[in-house]
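Enquirer: Chain residues, written in single-letter form:
2 protein chains.
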Amino acid sequence: MNPKRCAACKYLRRKCPKDCIFSPYFPPSDPHKFACIHRIYGAGNVSKMLQQLPVQTRAEAVESLSFEAKCRVDDPVYGCVGIISLLQTQIQKTQTLLAKTQAEIAVAQTKHSQHTNLST
Amino acid sequence: MNPKRCAACKYLRRKCPKDCIFSPYFPPSDPHKFACIHRIYGAGNVSKMLQQLPVQTRAEAVESLSFEAKCRVDDPVYGCVGIISLLQTQIQKTQTLLAKTQAEIAVAQTKHSQHTNLST
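The listed protein sequences correspond, in order, to chains A and B. The numbering of the first sequence is the UniProt record's numbering, which starts it at 1 and goes up by one. The numbering of the second sequence is the UniProt record's numbering, which starts it at 1 and goes up by one.
Don't take every hint at face value.
Repeated chains share a single entry, so a pair holds when one copy, or any two copies, can fit it.
To be verified - SDA-like, lysine to any residue: derived pairs with alpha carbons at most 20 angstroms apart:
hint	residue 1	residue 2
1	K111	T96
2	K10	T101
3	K18	R5
4	K100	R39
5	K18	R58
6	K18	T116
7	K111	S23
8	K70	G42
9	K48	D75
10	K70	S85
Simulated from the structure, these hints should not be mistaken for laboratory data.
Please construct the entire structure, taking both the sequences and the accompanying hints into account.
Expert: Right, dumping it as structure tokens:
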């Protein structure tokens, strides 16, 4: 057993090669991260996706894939699309409240100018 | 060749079985939908995910998986997490605008009541 194996190679029960594509992004301290990604995408697909990306963007890609995988494990029907729907609802509510508040301002300003005109 | 094969079986170059798990959700008219899902998740993973779900939730699961896969093809680094970030920024902007507008109302109301007190 090699205690320096990354979480991916440990999960896949293989030797961690020097040029391991997973190693920089899956430290042995966080085994759950790779387990989630593996369950949803499969190790081969993730490896393929990472290989197609420039090295400097891979860490961010792993984070977003990991986030999506965790969402899919938590919510197998909607995944992180469920979060998108919730955020869209929140935007609509806030926009409606904003429009209502802006309308209140317009009414208050009209009343104020009428009042000013009457008192002069 | 069987013209009635679903898009998944056509893509996988296999016979479409009577109880095909993909067939209800991947009509032959939309081959791109399965191609995207296959590229990101792999047919085996999608089949496994669908099998673990009650039949009545599978159509929605396919739609959300399909959406996430398309986002990942379009944006290989951020996928649909990029959309979540954009929506969160939009919510913050709208909430800031709302707070500003509500503060304007408070100021206008204070001025109005001061004006009313002075003129009575």
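Enquirer: Identify every previously stated hint that the structure contradicts and give their numbers, smallest first.
Expert: As far as the earlier hints go, 1, 2, 4, 6 and 7 are violated by this structure, in ascending order.
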